[in-house]
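Below are the chains, spelled out letter by letter.
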Amino acid sequence: DVKVTQSSRYLVKRTGEKVFLECVQDMDHENMFWYRQDPGLGLRLIYFSYDVKMKEKGDIPEGYSVSREKKERFSLILESASTNQTSMYLCASSLGAAYNSPLHFGNGTRLTVT
Amino acid sequence: GENVEQHPSTLSVQEGDSAVIKCTYSDSASNYFPWYKQELGKRPQLIIDIRSNVGEKKDQRIAVTLNKTAKHFSLHITETQPEDSAVYFCAAFHNTGNQFYFGTGTSLTVIP
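As given, the protein sequences belong to chains A and B, one line each in that order. In terms of the numbering used here, the first sequence has 94 at position 94, counting the first letter as 1, and numbering is strictly consecutive. In terms of the numbering used here, the second sequence has 37 at position 37, counting the first letter as 1, and numbering is strictly consecutive.
Only chain A is shown next, with the shape it has when bound in the complex (with noise of 0.2 Å):
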């Protein structure tokens, strides 16, 4: 069973502080994707990853940063926070484009920002 690994379930961070949110997985996906989700939005991507040292941009990532050094684990970076950024964060891989395969989730991290 895939497992992805998120490395804190809750978070509480001030505002201007660099967050650091990581992520592992163990079934050598080739992608990985972190999500924010908020009541009534649902899950909006903010960066995915295809390959290691490889991002993409995904529809809100204004305000972060990711990175991947090794095929395992993608990191979402917070360069300052700020207090809207305060939401339940998802990462997930995925086998690839090729394979047509669904999402295997972590369990989230929720942040507060304050």
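Be careful, since some hints might not be right.
[Claimed, not checked] A short list of chain B residues far from chain A (calculated; beta carbon distances all over 10 Å):
#	residue
1	15
2	61
3	62
4	69
5	81
6	83
[Claimed, not checked] With a Cα cut of at most 27 Å, we get these calculated DSSO-like pairs of lysine-lysine:
#	chain 1	residue 1	chain 2	residue 2
7	B	71	B	37
8	B	57	B	37
9	B	68	B	58
10	B	42	A	57
11	A	57	A	70
12	B	71	B	58
13	B	57	B	42
14	B	22	B	57
15	A	57	A	13
16	A	71	A	53
17	B	71	B	22
18	A	13	B	68
19	A	57	B	71
20	B	68	B	22
21	A	71	A	18
22	B	57	A	57
23	B	57	B	68
24	A	3	A	55
25	A	3	B	71
26	B	58	A	3
27	A	71	A	3
28	A	3	B	42
29	A	57	A	18
30	A	71	B	42
Simulated from the structure, these hints should not be mistaken for lab results. C-beta: ideal position from N, C-alpha, C; glycine also.
Chain A is fixed; fit chain B onto it per the hints.
Relative to the frame of chain A, chain B by itself:
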């Protein structure tokens, strides 16, 4: 890019009744359509999926239908049970963009 619309946003049914959730997509380059169930406080989990070369797929009480011409797909849950209560998300995988596009979710409540 792709645009996925999902309806209704909330749905209440009596236990034992059927529930139907509908999604539309805009781009014919989308070719894979998974459905996810998210229980309160938990991660979204895949419950069923369908590929663009198939019109219907069934797994016990859950079925998904796809109409490529009309660009819509639907989730059907029969004989609903209280444990079916959750938020359901549809998604479309855009082959060219190599990413998933999600609907905004349907909160299903099954009343015992």
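Results for each hint:
1. No beta-carbon of chain A comes within 10 Å of the beta-carbon of residue 15 of chain B; the shortest separation is about 26 Å.
2. Look at residue 61 of chain B: its CB is around 19 Å from the nearest CB on chain A, clear of 10 Å, so calling it non-interface holds up.
3. Distance check for residue 62 of chain B against chain A: the nearest CB is about 15 Å away, which clears 10 Å, and the non-interface claim stands.
4. Once the 10 Å rule is applied to beta carbons, residue 69 of chain B is consistent with being away from chain A; the minimum gap is 20 Å.
5. With a least beta-carbon separation of about 23 Å from chain A, residue 81 of chain B lies farther than 10 Å from that chain, consistent with its non-interface assignment.
6. Even its closest Cβ contact with chain A, about 20 Å, leaves residue 83 of chain B beyond 10 Å, as expected for a residue assigned away from the interface.
7. Distance check on the hinted pair: residue 71 of chain B and residue 37 of chain B sit about 22 Å apart at the alpha-carbon level, within 27 Å; holds.
8. The suggested pairing of residue 57 of chain B with residue 37 of chain B holds, with an alpha-carbon distance near 17 Å, which does not exceed 27 Å.
9. At most 27 Å may separate the alpha-carbon atoms for a hinted pair to count; residue 68 of chain B and residue 58 of chain B meet this at roughly 18 Å.
10. Of the supplied pair hints, the one linking residue 42 of chain B and residue 57 of chain A holds, its CA atoms being roughly 26 Å apart against a limit of 27 Å.
11. Between residue 57 of chain A and residue 70 of chain A the alpha-carbon distance is near 19 Å, which keeps this suggested pair within the 27 Å criterion.
12. Simply put, residue 71 of chain B and residue 58 of chain B have alpha-carbon atoms about 19 Å apart, close enough for the 27 Å limit, and the pair holds.
13. Simply put, residue 57 of chain B and residue 42 of chain B have alpha-carbon atoms about 26 Å apart, close enough for the 27 Å limit, and the pair holds.
14. In summary, the hint linking residue 22 of chain B to residue 57 of chain B is supported, as the alpha carbons are separated by about 15 Å, within the 27 Å threshold.
15. Proposed proximity of residue 57 of chain A and residue 13 of chain A is supported: the alpha carbons are some 24 Å apart, at most 27 Å.
16. For the given pair, residue 71 of chain A sits about 9 Å from residue 53 of chain A by alpha-carbon distance, which is consistent with the 27 Å threshold.
17. Between residue 71 of chain B and residue 22 of chain B the alpha-carbon distance is near 11 Å, which keeps this suggested pair within the 27 Å criterion.
18. Of the supplied pair hints, the one linking residue 13 of chain A and residue 68 of chain B is violated, its CA atoms being roughly 45 Å apart against a limit of 27 Å.
19. Taking the CA atoms of residue 57 of chain A and residue 71 of chain B, the gap is about 26 Å. The hint holds against a cut of 27 Å.
20. Proximity of residue 68 of chain B to residue 22 of chain B is assessed by CA-CA distance (about 14 Å); at most 27 Å being required, the pair is judged to hold.
21. Between residue 71 of chain A and residue 18 of chain A the alpha-carbon distance is near 23 Å, which keeps this suggested pair within the 27 Å criterion.
22. For the hint pairing residue 57 of chain B with residue 57 of chain A, the CA-to-CA distance comes to about 33 Å; that exceeds 27 Å, so the pair is violated.
23. Taken as a hint, the residue 57 of chain B and residue 68 of chain B pair is honoured in the structure, with Cα atoms around 14 Å apart against an allowance of 27 Å.
24. A C-alpha spacing of about 22 Å is found between residue 3 of chain A and residue 55 of chain A, which places the hinted pair at or below 27 Å, so the restraint holds.
25. For the hint pairing residue 3 of chain A with residue 71 of chain B, the CA-to-CA distance comes to about 32 Å; that exceeds 27 Å, so the pair is violated.
26. Restraint check for residue 58 of chain B and residue 3 of chain A: the C-alpha separation of about 26 Å stays at or below 27 Å, so the hint holds.
27. The suggested pairing of residue 71 of chain A with residue 3 of chain A holds, with an alpha-carbon distance near 14 Å, which does not exceed 27 Å.
28. Simply put, residue 3 of chain A and residue 42 of chain B have alpha-carbon atoms about 14 Å apart, close enough for the 27 Å limit, and the pair holds.
29. With a C-alpha separation of about 20 Å, the suggested pairing of residue 57 of chain A with residue 18 of chain A holds against the 27 Å cut-off.
30. At most 27 Å may separate the alpha-carbon atoms for a hinted pair to count; residue 71 of chain A and residue 42 of chain B meet this at roughly 25 Å.
The earlier numbered hints that this structure contradicts are 18, 22 and 25.
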